[in-house]
Amino acid sequence: MTQTGKCDTCRQRKVKCDEERPKCSSCKKKDRPCTYSYGKALAFVVQDPNQLTKHGKSRTTPITYSLAPSDEEFTSPSTTPPNLCVTTERRAEDGQGYFQTLAPRSKYRSHLSKKKINKQQRALEAYLWKLSEENTLVAHQPSSPETTLIARYVGMLGPDPIGRQPFEILGTWIQSIPSRIGSNKMLDLAVEFLVDSYGTFRDDTHSRRKVAKASKAKALKELQLVVMNTNTNTTYDVLLATKLHYAAEALLGLDTMYHAIHAFGLAELLRSGSVSDVDDEHFWDLIDNTYIDDVNEAILAGRTSVYHNEFYLSATYPPPIDSDVIILSPSQRASMAIMHVFIQCPYAVSLVRHAISNPEDANALATAMSHMERLIQIDLSQHVSELMQTSVSAVPIPPSPDVADLMPDTLEFSSVRSMILCTRYWMLQTVLCGLADTLYRHFPIEAGLSLLPSPQQLRIIDVDSAIHIAKSLRWAASVSQDLPLVTLRLHTPLQMTIGPWHRTIRGISTQRSRSSSPDIHPEIAKELSRAERMKAWVISQCNLIHIQWDVSVVDEQPLLEALDTMAGEKIPDWLPVRVRFEAEDGEMVMKLDYENKTGSYTEKIDVNTEPPPKTRMPHPGATGQEWQRKYLGVQELPLRVSENEGTRHNVTFDNKHRNACLAPSWNPRPVDFIHSTGRNLCSTSGWWPETPKTSTVLLDSTHKASAFSRMPRQPHVDVESTSREIDGHPCLASSWWPQTPNQSYN
1 MTQTGKCDTC RQRKVKCDEE RPKCSSCKKK DRPCTYSYGK ALAFVVQDPN
51 QLTKHGKSRT TPITYSLAPS DEEFTSPSTT PPNLCVTTER RAEDGQGYFQ
101 TLAPRSKYRS HLSKKKINKQ QRALEAYLWK LSEENTLVAH QPSSPETTLI
151 ARYVGMLGPD PIGRQPFEIL GTWIQSIPSR IGSNKMLDLA VEFLVDSYGT
201 FRDDTHSRRK VAKASKAKAL KELQLVVMNT NTNTTYDVLL ATKLHYAAEA
251 LLGLDTMYHA IHAFGLAELL RSGSVSDVDD EHFWDLIDNT YIDDVNEAIL
301 AGRTSVYHNE FYLSATYPPP IDSDVIILSP SQRASMAIMH VFIQCPYAVS
351 LVRHAISNPE DANALATAMS HMERLIQIDL SQHVSELMQT SVSAVPIPPS
401 PDVADLMPDT LEFSSVRSMI LCTRYWMLQT VLCGLADTLY RHFPIEAGLS
451 LLPSPQQLRI IDVDSAIHIA KSLRWAASVS QDLPLVTLRL HTPLQMTIGP
501 WHRTIRGIST QRSRSSSPDI HPEIAKELSR AERMKAWVIS QCNLIHIQWD
551 VSVVDEQPLL EALDTMAGEK IPDWLPVRVR FEAEDGEMVM KLDYENKTGS
601 YTEKIDVNTE PPPKTRMPHP GATGQEWQRK YLGVQELPLR VSENEGTRHN
651 VTFDNKHRNA CLAPSWNPRP VDFIHSTGRN LCSTSGWWPE TPKTSTVLLD
701 STHKASAFSR MPRQPHVDVE STSREIDGHP CLASSWWPQT PNQSYN
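The opening position of the sequence shown corresponds to residue 1 in the working numbering, with each subsequent residue numbered one higher.
Read the hints as simulated data drawn from the structure, not as lab findings. Fair warning: this is a prediction, and the values are worked out from it, not measured in the lab. Don't take every hint at face value.
Think about it this way: if two alpha-carbon atoms lie no more than 35 Å apart in a straight line, the pair counts; the simulated DSBU-like pairs of lysine-lysine are [what the hints assert, rightly or not]:
hint, residue 1, residue 2
1, K130, K119
2, K28, K57
3, K57, K130
4, K6, K28
5, K16, K30
6, K116, K130
7, K115, K57
8, K185, K218
9, K115, K130
10, K213, K591
Working from the sequences, and respecting the hints, build out all of it.
Structure, rendered in structure tokens:
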């Protein structure tokens with residue numbers, strides 16, 4: 001406790017003082033100066049309280065009034081400066097003098113206007129708000145590697161609301177990733193790789209790409225170790241990590257082809273449907289946004305989808321609409337019904353192609369017709385109607401001035417997921433219409449006797465679906481200008497809509513060639529003009545997406561040939577029969593195997609080149625390029641045979657039952673896993689012949705060739721053999737086909 005009567009010397013030395021005056025004992029003994037000034041008012045300082053800074057310092061020089069020392073007790077001064085007034089006054093504790101507090105008289109305050117006071121108040125409030133914001137940021141500042149990674153991931157997703165985030169093309173499971181960070185090293189490294197790849201996509205500098213490559217090396221090594229050491233069922237974390245790798249590789253560049261390896265890896269991991277430790281809320285959504293990649297590829301490749309098995313067929317069979325046992329949301333019901341039909345389409349394409357190549361085989365034709373009728377009996381329009389009514393709306397905004405007279409309005413969706421499901425449904429319509437049109441052109445009598453819709457109905461459905469997809473492009477482009485992932489996802493359905501316009505033009509041209517009259521009906525001429533304009537517009541819009549993602553643009557003729565192939569026509573010679581990934585000198589190489597009437601040959605592409613080469617040697621099948629097959633070590637392959645005459649290729653594993661490509665003793669040799677063609681139209685790698693009439697063609701800018709499996713296969717279930725046992729007289733319902741052009745979304 002402070003002793004107020006001490007002398008100044010004892011007070012400074014912090015020792016006891018007997019307070020003797022005029023000199024205390026301690027000061028006498030040491031002959032020190034002894035004064036008693038503590039508590040005396042020596043001067044008073046005048047400061048304007050309105051001229052103080054926020055730290056309490058005066059902005060102006062204060063006025064100081066010194067007080068003359070006096071041994072006598074004095075009273076309060078009778079006079080004060082005219083511009084000051086006494087606010088408080090108290091007697092000094094030693095009884096000598098008074099302490100007074102002076103302040104400017106009130107007349108000076110009158111000069112402060114109300115406007116100035118309000119301005120100062122607003123400035124104070126702004127400062128306090130800024131201080132509060134800074135305090136909030138500091139309180140949530142990451143304090144560990146996990147929280148730092150979470151913050152970076154959330155920053156990558158951006159401020160867009162749920163339903164309009166570009167990354168939702170991967171699935172709604174992206175929202176669950178922050179809660180899983182920190183629980184699994186493999187997943188954490190995959191998230192870091194994706195975030196670094198996103199940074200490279202936004203700002204492609206050498207330093208950022210170097211960081212992304214370093215993240216990739218660590219993440220890929222961890223993923224490979226986990227997959228190779230997994231002897232039980234696939235875990236949900238492995239699926240998520242693989243999907244994240246897939247997205248990260250796509251952001252680093254579609255031409256690298258690395259994302260294709262992960263696309264095939266996902267298909268192999270999901271083949272059996274047996275996954276442990278799943279997140280029930282998001283697992284089905286992950287499947288729903290993954291299976292379509294394999295289906296699109298299988299349709300072009302002429303193979304059966306890996307999802308065409310008993311597990312997925314039974315899991316996706318849609319329950320009755322009026323069922324009280326199974327309650328599904330509109331999106332769940334639509335997703336199940338669409339997947340159930342879509343995974344069977346590649347097999348339908350193979351059956352139609354087999355029937356065309358064997359016109360004398362009545363059993364082949366009956367099998368193809370019956371399979372198509374089985375797909376039609378599922379009333380898809382009824383299963384998706386509720387989704388259409390609740391999530392789709394029309395706005396009077398044309399997609400482009402070029403086609404404003406053809407499409408005066410466009411569609412808007414409640415979420416990215418709704419857009420994906422609706423456009424997938426319309427794309428499925430175009431696929432089925434293309435298959436039915438092929439059957440009508442090659443087998444008009446038999447198709448007319450079947451339960452397939454008439455050619456007139458097919459054209460209405462085909463064109464209506466194409467228009468709806470085209471009307472969806474404006475909304476997809478509006479989701480994110482900086483990260484056009486939604487338009488990239490819409491690219492495949494949009495490019496598939498070229499098929500309906502191509503079939504319309506071909507149908508009208510065929511009718512005119514059969515007509516004896518050279519004149520054309522005005523309505524038919526109008527329809528022909530619309531089809532030609534829409535086909536040209538869709539191709540141009542697809543090319544714009546290619547330019548956005550720095551891939552080659554489309555040439556019309558090979559694209560139309562590929563679309564006919566996806567409708568069951570013969571596979572052209574310039575499409576590869578096999579695609580495989582092999583390691584040569586420690587580098588990953590993609591090999592494309594071709595065959596035609598002149599022989600078989602292989603084209604090799606190094607997928608490690610940065611950036612991938614845009615030019616290449618002429619196609620080995622082109623005229624004058626036979627030397628390539630002679631001097632480039634081309635592997636001879638058997639010519640393509642019919643399905644019932646073909647041989648099944650098996651996977652070779654090492655003694656640990658792992659893929660032989662991953663075995664320590666593995667060396668370059670013919671493919672360990674082959675799936676016939678194994679590619680879709682999204683290829684910048686060089687399948688497409690470089691001739692004056694053709695160019696590089698893309699159909700799906702997100703999904704490319706598959707690679708070898710990293711996991712042992714489950715025992716193969718021969719779906720084709722079971723699917724051939726078809727009831728020749730099923731009870732079918734043709735109401736699956738909408739009866740009016742607008743029924744699919746009104």
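| message | If you test the structure against every hint from before, which numbers come out violated? | response | 2
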